[in-house]
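Chemist: Here are the chains, one letter per residue:
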Amino acid sequence: MLKLRDGIIELYKKVATSIPSDVEEALKNAYSNETSYLAKESLNIVLQNIKIARTGLRPICQDTGFPVFYAKVPKGLSHKLIKEVIIDATQIATKKIPLRPNAVDTVSEQNTGDNVGEHFPLIYMEETEEQSLTVDLMLKGGGCENLGQTYKLPASLSVESCSVIAKEENLTLNAERNNAITVLAERDFEGVRRCVLDAVFKAQGRGCPPYTIGIAIGGAKDQVAFLSKKQLMRRISDIHSNAAIAEFENKILNNINNLGIGTAGLGGITTAIGVKIATAHRHPASYFVDVSFSCWANRRGRLIW
Amino acid sequence: MVSESRVRSQESGVRRLNTPLSKEDALSLIVGDMVLINGLIVTGRDKVHKFLIHEMPDKKDIPFDLEGGIIYHCGPIIKKVDDAYKLIAAGPTTSMRVEMYEAGVIKAYGIRGIIGKGGMGEKTLQAMKEYGCVYLHTASGAAAYLTDRITAVTDGWKVEEFGMPEAMWLLKVEDFPAIVTMDAYGNSLHRDVEKISIEKLRQMWQNE
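Chains as they are written, first to last, in my numbering: chain A, 1 to 305; chain B, 1001 to 1208.
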């Protein structure tokens, strides 16, 4: 178990200090395509930052995140034991790398100092038929985590801007107040599309775009939150096995990039580099849509043991 | 608007700022200006802002001089080596979370500059106009890059009480890069981008 512990410490180090190759590739493409001066300059700094962090083995971002583990455990291996090893590795990695201590007690408001606390790190485990243990780690930044939204369809969506006055009214859009625009989201993919655009518009540049967006559609509130975040673990190049969903992912990505929010929210043509959707069967009464955001620094990695 | 300010920034080049800032310094900057900050700045995020507004500590009870100062929305990683602080990483955090406090902080403590990411709202923009202060957007998530522009962690306040990310740290910076995205004349690049995006949203909500 000592070797597993050291493996997880190394995994922490790799994930905190480097970015997956597919994400870096997508950011390089965004840099090549960008025409807006400020967005291009921001992407240039992002790419330099990735290089500095990787060569110096330094954290990419000072927010080394909320550690989220997804483990696939072979039959017969104790889940409780794996959890203990992860916690042990977390405490050591926090000191050694170092990571920023991010676990704050919500009662006493004290920071535990070692990234270990109540339900912290977040650990999900499932049994696998395979012989080896697979440990996936996501270091999830707080800024982008805060941008996540859950919708219960049908819903009336509304956005407001202090400076925008809706000019005209029609069947789907109407200006309720001087500066609010509302739209209905029904229980279909069009409703889902409207929700995601609502979430990204509200996010603006607050969570370090270009984002990767995870979406889940289904019938249980906790399930969609879990699934939408888990989509952020998929590689950018990963194409959904269901062609209709794969097409829908592309459509939403194009829509998001048409919003003009851009890198760092300073305007530009790349607001997201990937959109990944998961679906789950739903109860007839429920239609949940959950949207998770990752900042450009989508830090994820895998250990096979 | 965006295009005009961009023209100005490219024409005038990069401005060097030295802390503390005077009111004239703040008034000399407009949206789109690129700046390099030199001198001492303090960090402050959620807890510091809540504390400053609710407890209203006297200026003399705060170990750092905030008059004309720059607050950096940042929760750094700092390692204590012997008796000195070593900076590991210090990029910006989302500024909007302290929107409810910032106007009061600018007014009470004479802050002339806010460094952060993502921009702030109308209340802060109004206070910047009223008292003479600017918002300085710095590279989102580029902690490794920005840390190289911070030469020392001089001191810390409320380190034990608030914890490492939430304490107020005094940092010495050299040519720390930022873009003015909100100025003391009521201009905001963030509002301009939002304006463009709400129009796009309206179109895309309307047409499948």
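Quick caveat, the hints were computed from the structure, so don't treat them as lab data. Don't take each hint at face value.
[Stated by the list, open to error] Listed next, the stretches of chain B that the computed footprint assigns to chain A, with coverage defined by at least 3 CB atoms under 8 Å from CB atoms of chain A:
no., segment
1, 1018-1028
2, 1058-1071
3, 1084-1094
4, 1103-1117
5, 1130-1141
[As the list claims (entries may be wrong)] With beta-carbon atoms standing in for the labels, derived distance ranges:
no., chain 1, residue 1, chain 2, residue 2, range
6, A, Lys202, B, Lys1129, 47 to 55 Å
7, B, Glu1160, A, Arg187, 25 to 33 Å
8, B, Thr1154, A, Glu84, 34 to 42 Å
9, B, Pro1057, A, Asn146, 22 to 30 Å
10, B, Pro1057, A, Thr35, 41 to 49 Å
11, B, Glu1099, A, Glu10, 38 to 46 Å
Built from N, CA and C at the ideal position, the CB exists for glycine as well.
Chemist: It remains to establish, for every hint, whether it holds in the given structure.
Modeler: Against the structure, the hints come out as follows:
Counting residues of the segment 1018-1028 of chain B whose CB falls under 8 Å from any CB of chain A gives 0; the rule of at least 3 is not met. By the rule of at least three residues with a Cβ nearer than 8 Å to a Cβ of chain A, the coverage given for the segment 1058-1071 of chain B is violated, with 0 such residues. Look at the segment 1084-1094 of chain B against chain A: 6 of its residues bring a Cβ nearer than 8 Å to a Cβ of that chain, three or more, so the hint holds. Interface restraint, the segment 1103-1117 of chain B with chain A: violated (1 residues with C-beta to C-beta distance below 8 Å; minimum three).
As drawn, the segment 1130-1141 of chain B meets chain A at 4 residues by the rule of a beta-carbon pair under 8 Å; at three or more, the given contact holds. Separation of Lys202 (chain A) from Lys1129 (chain B) is about 25 Å and departs from the stated range, judged on CB atoms against 47 to 55 Å. Checking the proposed 25 to 33 Å range against Glu1160 (chain B) and Arg187 (chain A) shows it is violated: the Cβ atoms sit about 52 Å from each other. The hinted window of 34 to 42 Å between Thr1154 (chain B) and Glu84 (chain A) holds, with their beta carbons roughly 40 Å apart.
Here the CB-CB span from Pro1057 (chain B) to Asn146 (chain A) is close to 28 Å, well matched to the stated 22 to 30 Å. The beta-carbon spacing between Pro1057 (chain B) and Thr35 (chain A), approximately 47 Å, falls within the hinted interval of 41 to 49 Å. Hint check: Glu1099 (chain B) to Glu10 (chain A), Cβ distance near 40 Å, so the stated range 38 to 46 Å holds.
Consistency note: the structure conflicts with the earlier hints numbered 1, 2, 4, 6 and 7.
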